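Put together the whole structure using the sequences plus the hints.
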Amino acid sequence: MKKIWKVVLLFAIFILLLIVVFVSSVYYGAFGHLQTRDELLSYKNAEASVVLSHDGELIGKYFYENRTNVTLYELPPHLINALIATEDVRFYNHKGFDVKSFFRVVFKTILLNKKRSGGGSTITQQLAKNMYGRANYGSLTILVNKVKEIILARRLEASFSKQEILLLYLNTVTFGENVFGIEAAARRFFNKEVQDLNIEESAVLIGLLKANNYYNPRLFPENAIRRRNVVLGQMKKYDFITEAEADSLVDLPLIQNYLNYESGGPADYFLYQVKLEAQEILDDIGIKSGHRLNIDEDGLIITTTLDLQLQKYANEAFKEHLSIMQERLNKQYATRSGRKAAAVVAERELKRLNMVKRADENSFMEGDSSNVKPVSVRDSMIMAVQTLHAGLLALNPVSGAVKAWVGGIDFRTQPYDQVLARRQLASTFKPILYAEAFEEGMKPCDYLENDSITDTGIDGWTPSNFDNTYGGKYSLAGALVHSMNVPTYNLFLKLNFDRLDSLWQRMGFLYTINNYPSLPMGTAEANLREVATAYSSFANGGYKIEYQCIESIKTQAGAIIWENEYVNADNRVLSDYTVSVMSAILRRAVTSGTGAAMQGTYGVTLPFAGKTGTSTDYADAWFAAFNPSLVIVSRVGASSPSIHFNNGANGSGSTLALPLVARTLRKVQNDQKLSKELISPFPDLPEELVSELNCPDYKEIDFLDNFMDIFRRNRKVDEEELKPGQRLQTHEIKEPEPERKSIFRRLFEKRKKD
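Residue numbers in the sequence shown follow this note's numbering, run continuously in steps of one, and reach 754 at the last position.
Derived from the structure by calculation, the hints contain no laboratory data. Being a predicted model, the structure only gives us computed values, none of them experimental. Using N, Cα and C, we set each Cβ at its ideal position, and we do this for glycine too. Wrong hints could be hidden among the right ones.
What the hints assert, rightly or not - The calculated lysine to any residue pairs, modelled on SDA-like cross-linking and capped at a C-alpha distance of 20 angstroms, are:
1. Lys554 / His54
2. Lys129 / Glu39
3. Lys340 / Glu39
4. Lys351 / Ser640
5. Lys275 / Phe411
6. Lys146 / Tyr132
7. Lys312 / Ile679
8. Lys351 / Ser642
9. Lys340 / Ala359
10. Lys554 / Tyr566
11. Lys129 / Ser42
12. Lys331 / Ser642
Stated by the list, open to error - Label pairs and their computed distance ranges (CB to CB):
13. Glu687 / Asn571: 26 to 36 angstroms
14. Ser289 / Asn515: 42 to 52 angstroms
15. Leu276 / Glu565: 15 to 25 angstroms
16. Ala343 / Lys288: 49 to 59 angstroms
17. Val20 / Asp251: 51 to 61 angstroms
18. Arg506 / Glu565: 22 to 32 angstroms
19. Val23 / Glu164: 19 to 29 angstroms
20. Asn212 / Arg37: 28 to 38 angstroms
21. Asp283 / Glu687: 47 to 57 angstroms
This is how it looks when you write it as structure tokens:
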């Protein structure tokens, strides 16, 4: 018997020595570095940078790990109680390692295989794991990591107070969905700040810690309710809540307000631009200071210029209007000829993307659960080319601050930003042309001929009015209000092209324009940002602005790193006279010209000026509107110009693009607070300008004009203005060639405006 006890004793000593050696080897770094107390004290979570709107609302985050640290004072007591009751009820009694829990795990969980006997890791041990993760040591992985966590837990307890440990834990723990920390979790699942959580919401989030996916309230709400009630039961068991409170709380339904700005936030396209601008600012600061900040992990607070309410109104306008217009376009292309045309464009795209061989493979399944059918790559491409895309940009014309930025219909599936897409301007180019005319000394009541032009000398191309009417003369003001093409072409022939080109560049356009006959019809290309910048000159007294997205960048503690002073250079591009005249004329374009639907159809009575634009075959529709404190521009069109509406009732600027602006502004108009903040009245026109604008838009040509016109040679454009091999691009909608009139009819026919 003595021999047996001796063997047992020796074996026990051997095991004990083995444990001591093993623990010592871990302690002294045989299995990798073990953090010191100094390293623990200097630990810093990678923290998401938050992006706020102008009025302080959260619109997005940038991060490697989605985490926003909170302070101890922001944690509600019931949240801490739920955590302790569920995860570590003896938290305040141990020094990082709970011997009782450890032996419970050894005997009940390991030896007796009772899975629900509870875990052995204290909150402090879990914190150590959250902070530094677990490495792979082969068959010894669990043992080594557990020992490391026990040692680190002891060091954490020696370095931090219990409250600090709780705070560190709640700021580091993961809640699934790439969400780290209690603040990010509260935002994700309940759209609340952590201090606003109620008891049952805290219980849901603490319940998530056991299994992030299985108890996810969005994915498995019934599981989340069961786990929540377990947490509430633990809180009752340890007297954190009364039995009556627990009974009432377990019967409550699960009410979520799920918010995930990673997938479908209110301003995804804008957030991408903000990050580019912020990174440029931080890089510049880093070069000067020698300390580079990381936007994805340094927990910065980036306040932007965006007005979140205006952004939401614009988003709503997109959903309301584009759903209607997409349905109409789909109906047009559902015809036999339409399907054939769409198939041609889709095939061209498949070739461009080198996907022809995969064209007949199934790309996804369409339909509901009872009627599912496969859709081929070719079919999905046909659907894609028929999709209408749109962009809208609103900014303050004085500061350049971006107030709304809608870059497309869905950032997740259509990430290409339509605000930056370059398209032909159509008639939104005309105000630039007329502004140059006024800069060169012409007056709004100077008249331009509206006679049909039979030959420009370029491949038989001639400009034509949208309604195919000719004759008489239009004042400059009238021609712009009604977007007349022939008078505009005649105006172009009178202007100095070099000066027009200079104005074009000074107003902020980056695309080079050429002295082609089609230029006045709007063949020049630009994007929404350039157009909004240019039209700001009409709104702000004639100055070039630089658009801005960011107001300030601060540290998490609130220290200012960078602040926008909104100092736009005193860069005048238009005279006071031109600005005043253009504003007056384009206000008429909205009240009685091509933009009249603003008031007539949508009931927008806010003071705005504006201009529509419709490119060849209705490929793109534009609308640009402005007043002294807001410029708002929209454009709509499919990705390929070959896909478009076949009539102006659906495809013109006034019916396709204008409604995005009008619907947005109607919502602003109904929001008294926002309209007061964003909208300003136009200044009164000086008396002398009122008289200069007081003339008929249209007048008949008298007998002498008719007689002299017989002997005038047709105006031609020198073909040498085109580059070798260059074909003229037509732009505005081309109507049938008008009837050629006889000398007798040209002399004596009474001409009427249609």
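Results of checking the hints against the structure:
1. Lys554 / His54: At roughly 14 angstroms apart (the allowed maximum being 20 angstroms), His54 and Lys554 satisfy the hint.
2. Lys129 / Glu39: 15 angstroms, holds
3. Lys340 / Glu39: The hint is violated at about 68 angstroms.
4. Lys351 / Ser640: 14 angstroms, holds
5. Lys275 / Phe411: Distance ~15 angstroms between Lys275 and Phe411 Cα, so the pair holds.
6. Lys146 / Tyr132: 12 angstroms, holds
7. Lys312 / Ile679: 17 angstroms, holds
8. Lys351 / Ser642: 16 angstroms, holds
9. Lys340 / Ala359: 16 angstroms, holds
10. Lys554 / Tyr566: 17 angstroms, holds
11. Lys129 / Ser42: Status holds; Cα separation ~17 angstroms.
12. Lys331 / Ser642: Answer holds: Lys331 to Ser642 is near 16 angstroms, not above 20 angstroms.
13. Glu687 / Asn571: 26 to 36 angstroms: 30 angstroms, holds
14. Ser289 / Asn515: 42 to 52 angstroms: 49 angstroms, holds
15. Leu276 / Glu565: 15 to 25 angstroms: 20 angstroms, holds
16. Ala343 / Lys288: 49 to 59 angstroms: 57 angstroms, holds
17. Val20 / Asp251: 51 to 61 angstroms: 53 angstroms, holds
18. Arg506 / Glu565: 22 to 32 angstroms: 23 angstroms, holds
19. Val23 / Glu164: 19 to 29 angstroms: Given a distance of about 26 angstroms, which is inside 19 to 29 angstroms, the answer is holds.
20. Asn212 / Arg37: 28 to 38 angstroms: 31 angstroms, holds
21. Asp283 / Glu687: 47 to 57 angstroms: For Glu687 against Asp283, whose Cβ atoms are near 53 angstroms apart, the range 47 to 57 angstroms holds.
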